[in-house]
Amino acid sequence: MSIKVSMTVNGKPTSAEVEERTLLVTYIREELRLTGTHVGCDTAQCGACTVHMNGKAVKSCSMVAMQAQGADILTIEGVAAADGTLHPMQAAFKENHGLQCGFCTPGMVMNAIDLAKGRPNLSETEIRDGLEGNLCRCTGYHNIVKSIAAGAKAMAK
Amino acid sequence: MNAPLIGARIERKEDYRFLTGAGQYTDDVTLPNQSYAVFVRSPHAHATINAIRKDKALKAAGVLAVFTGEDLKVGGLPCGWLITDVNGQPMKEPVHPSLAQGKARYVGDQVAVVIAETLDQAQDAAELVEVDYGVLPAVVNGEQARAKGAPVLHDVAPDNTCYVWALGDKAGVDAAFSKAAHVTRLDLVNNRLIPNAIEPRAVNGMYSRADDSYTLYVASQNPHVERLLMTAFVLGLPEHKVRVVAPDVGGGFGSKIYLYAEDVVVTWASKQINRPVKWTAERSESFLTDAHGRDHVTTAELAMDKDGKFLALRVKTTANVGAYLSTFASCVPTILYATLLAGQYTTPVIHCEVTAVFTNTVPVDAYRGAGRPEATYVVERIVEQAAREMKLDPVEIRRRNFIKTFPYQTPVALMYDTGNYEATMKAAIEIAGVSGFAARKKESESRGKLRGLGYAAYIEACGIAPSNIAGALGARAGLFEAGEVRMHPTGSCTVFTGSHSHGQGHETTFAQVVADRLGIPMESVDIVHGDTSKVLFGMGTYGSRSIAVGGTAIYKALDKIIAKGKKIAAHLMEAAETDIEYDRGVFKVAGTDKQKTIGEVSFAAYVPHNYPLDKLEPGLNENAFYDPANFTFPAGTYVCEVEIDPDTGFTKVEKFTAVDDFGKNINPMIVEGQVHGGLTQGIGQALLEGCKYDPETGQLITGSFMDYCMPRATDVPSYNLETRETPCTHNPLGVKGCGEAGAIGAPAALMNAITDALQPYGINDLPMPASPATVWKTIQNAKQKAA
Amino acid sequence: MHAFTYHKPSTLGDAVSLAGKHGDGKILAGGQSLVQAMKLRLASPTDLIDLGGIKDLASIKADGSTVTIGAMARHAEVEANADVKKMIPVLARLAGGIGDRQVRHMGTLGGSLANNDPAADYPAAVLGLGAIITTNKRKIAADDFFKGLFETALEPGELITAVTFPTAKRAGYMKFKNPASRFALVGVFVADTSSGVRVAVTGAASSVFRATAIEKALSAKFEPDAVPAGTVKAADLNSDLHGSAEYRAHIITVMAKRAVAQALGK
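Protein chains in written order, with the working numbering: chain Y, 217 to 373; chain E, 155 to 941; chain Z, 48 to 313.
Be aware that one or more of the hints could be misleading.
[Claimed, not checked] Below are the EDC-like pairs computed for lysine to aspartate or glutamate, each with C-alpha atoms no more than 20 Å apart in a straight line:
(1) Z:K313 <-> E:D801
(2) E:K806 <-> Y:E340
(3) Z:K224 <-> Y:D345
(4) Y:K310 <-> E:D801
(5) Z:K313 <-> E:D799
(6) Z:K86 <-> Y:E236
(7) Z:K224 <-> E:D801
(8) Z:K55 <-> Y:E233
(9) E:K939 <-> Z:E293
(10) E:K931 <-> Z:E293
(11) E:K167 <-> Y:E236
For the record, the hints were derived by calculation from the structure and aren't laboratory data.
Work the whole structure out from these sequences, hints included.
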């Protein structure tokens, strides 16, 4: 059966008739064609699907779209400024080579932005602990940790 | 404009799209009117397929087609390397069907495909396909598969043996052992790994009736090879009617080199139903179907004189190749393994025998390092063990045996062109703070913890080549690379490369090479890869070959651009061609102040009003194929320091130091990133990752991230890296390749550190991954034995 | 995922009546376990009854000696709640160690308890502190709630609304993680409460359980060294790829000692 789901995504109201079993990530990728949010696993470990729901990082593969009914969703496509200027966390990933193949990157950045909110002086341990829910197979995390430390500082400016 | 770009830490050109969600991976590609495929896979490790009933599935909502092996009678998936066994016979090559023909040989083997309007509908209908299986006994262990009475997978290999192959001087080795003052022996298992690129494999295929052509989007490391294998060997399609696009690819690590059954089925089916067909693996499917890596069982013996000088090495390995031969499966435990067993040492004679065995498991193929991590593990574990037995410092025993003069011909076929093993060893010792280790160990002991230090002095061979030698060794493909430089009238350029980037940053490093050589801004250079309709040809990216082979192909095309540019410039400046010099973007007449920029020359080439049309074609577009004269030989020393909690068996990697010699580094920032990733995969192998099958049922026990332990940020430290440089002697860039080193050297360094920490218990070996439970159990066993 | 019908009741009464009407349906709290199981087609409820629309199920209230946490309180809310941090700091720490950040933003106390995953953290706290589980029908003591592998005392149509945690004089929780899943391979919750010492173990067996021999020893002397070795028998424990029963039995002792040390602020 289909059902009507509505939510704000990247500041714009969105709505669609979807099957009730539609996951939030499927709504974002297939209905809205915002393909920056990725699916890397089916057991909620990899975090490539991380988006913000009402300001908090969540795994969009681990909820049905209806759980986000009326919510405010932010995806990687909505993070940079309207003129294309990168968010300080995105810029920090670029400056510190915090990404390689780019597949885990949107989830990493979304989680990092939430993690760093109001915490400009994140320690290496806090950052590594904060990445428990995000897998990267390319970078060995070294430069992701550096990127988030730098991004957290830059966000506070 | 003229600052040197080679060696500069330049931010990546590709990052903006990845950071803003604008990357285009295969699953992001939506084709008009596309349908969705779901595979019905064998739940049994070994079973006859007696009947398949598709009628219920065909009647389900949205279903467009259901196909089985009965429908898809095409060629088998080919193996690209023929190994000849010790008796001069070709290896056994069982047919590898794209949809099972009468028998399933591992859990996950594809039995049927269901295609529907939506993914959910295809999944629902896949459950309705009824397969009548006759379950057979299964075998998952390579050594057990060789035993009498083991279940037989393929009629063509009644003893489940693909080949027994050997390299080296057996008689010489036997003679050396008979004269040895000491022999060190180790039994080693190189654990099976599951690659787990974070982007699951995906393919989206479209057939066009208009011109009887196919377009295939696929997460591949080498689209031209994919096309060649699929058209020539499996589907018998004209190669020029198939376009393969590997767009942004989310990591490969080897697992996306191969031609997979799903790619064939989707391509074929798109014509049958005359609609695009899309398939994206779920992670559970990736575990069950992506080619696995490693899985060696080895006995190694090292003969020494009384001073710890190596006299001979004898290695015997059983390699589990899985249920079928994957695309390059046969060369990994042979050509890419036994040839590396000299390591950094002057061991005068070496003999290695490898038995490759079929089992009821996922096919095994190259995974980051491919053969070389296995070889390094053998050499560096046994060298460390030899030092313990000879009561020599592990650094000292290595130094006594280092190769010091180059070129050096090893007894296992390779000719090392250059290297300086003392330089990387010395630097690693300093950076790792080895002199302070004793104090740190004491401090750990005061807290009831064990601390250990381990070394690995690895060598690898990258950019496998040259093609004629590889061909003589059984390669069924060329090993060159192609590049094309297309200058535009306004002076910018587009460069086409047969290498493929799936995280390596070629769009940046290759642009650095081009911009540096041509003296134009980085922004004026675009690198294009991953599309057979754009790139003239390519062998793709694997084996750390891209900069050494693909980069050199581009470099040679640049040489041609400059050579033609000189002719044009000579005409424009009314000078002799021999008087024209090229220096970073400017053609100059020697000894004068006359000059023309590359932009001016390009413009003249495309607007040839003042141009030597009688002698020269217009345009400035050159391509080159480069077939290397030799492998490159990156090498280095890794030092790992661990602390173990004996109460829980938990191992923490406290410090990891890597000093590598990759020859010239184009972009040190990217090089470091490659090493970080490789090290983490190596640490993953040693400490965390291990594929496990149920020995009775053949079920994959580690079939998800819930059970297969992927390295997380908390599992690894920040790394200490440096490089030392001995430029490669046989390519113009002096580069060697850096993609796999970390994964090659790290497992031995880490296991040497763990066994060093466990010396109080007399423990010299334990299996990878050294999980807490394994370390604890090993300690308990040692304690019991001592008591 | 199989198809299902989605319901979003706005009152507890409606939720209860929907649950009663759809016997093969499932209650959706945070969904961090349920949605995964449905994706893998391991769970196929006909109906999903989403509690996300019911007000007041997520409140956290403290009185003198207890903290009552609503069933829909997210792990991150418990982790950050000032009252929880002040009155039962170990509970805030435990909540802050469940899963990962993203999971903690969605996962709920009630969902975790109703699921009773053998390796979940919350059951250890509930049993270790002797909490009271309030449902739409009754109050259930922790000792009566956990019945076995993914089994609880909840009857069909019965929903958890809140859990009341008593404070403890001192308490600690130490988790040894399964390296792959990061669930508890063994988690030991130790609490010195007004009704005596309680020790709850998660991850090791088919369901959370009390380690009575350790309780007895710690009642005599609340010190790490007092934790006796080998009192939990391996024969009763799980064995898997990541740890044999023998290993788990040993780790229970180690984690119990460390939990006591943590409770003592050592």
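For each hint, the structure was consulted:
Distance restraint check for K313 of chain Z and D801 of chain E: the Cα-Cα separation of roughly 18 Å lies within the 20 Å cut-off, and the hinted pair is therefore satisfied. Taking the CA atoms of K806 of chain E and E340 of chain Y, the gap is about 16 Å. The hint holds against a cut of 20 Å. Annotation: proposed proximity of K224 of chain Z to D345 of chain Y holds, straight-line Cα distance about 13 Å (limit 20 Å). For the hint pairing K310 of chain Y with D801 of chain E, the CA-to-CA distance comes to about 42 Å; that exceeds 20 Å, so the pair is violated.
The hinted pair formed by K313 of chain Z and D799 of chain E meets the criterion: a straight-line CA distance of about 18 Å does not exceed 20 Å. For the suggested pair K86 of chain Z and E236 of chain Y, the alpha carbons sit about 13 Å apart, so the restraint of at most 20 Å is met. Between the alpha carbons of K224 of chain Z and D801 of chain E the distance comes to roughly 14 Å, so the proposed pair stays at or under 20 Å and holds. Distance restraint check for K55 of chain Z and E233 of chain Y: the Cα-Cα separation of roughly 17 Å lies within the 20 Å cut-off, and the hinted pair is therefore satisfied.
About 18 Å separates the Cα atoms of K939 of chain E and E293 of chain Z, which keeps this hinted pair within 20 Å; it holds. This hinted pair checks out: K931 of chain E and E293 of chain Z have alpha carbons roughly 9 Å apart, not beyond 20 Å. Restraint check: the Cα-Cα separation between K167 of chain E and E236 of chain Y comes to about 41 Å, which exceeds 20 Å; the hinted pair is violated.
Checked against the numbered hints listed earlier, the structure breaks hints 4 and 11; every other hint is satisfied.
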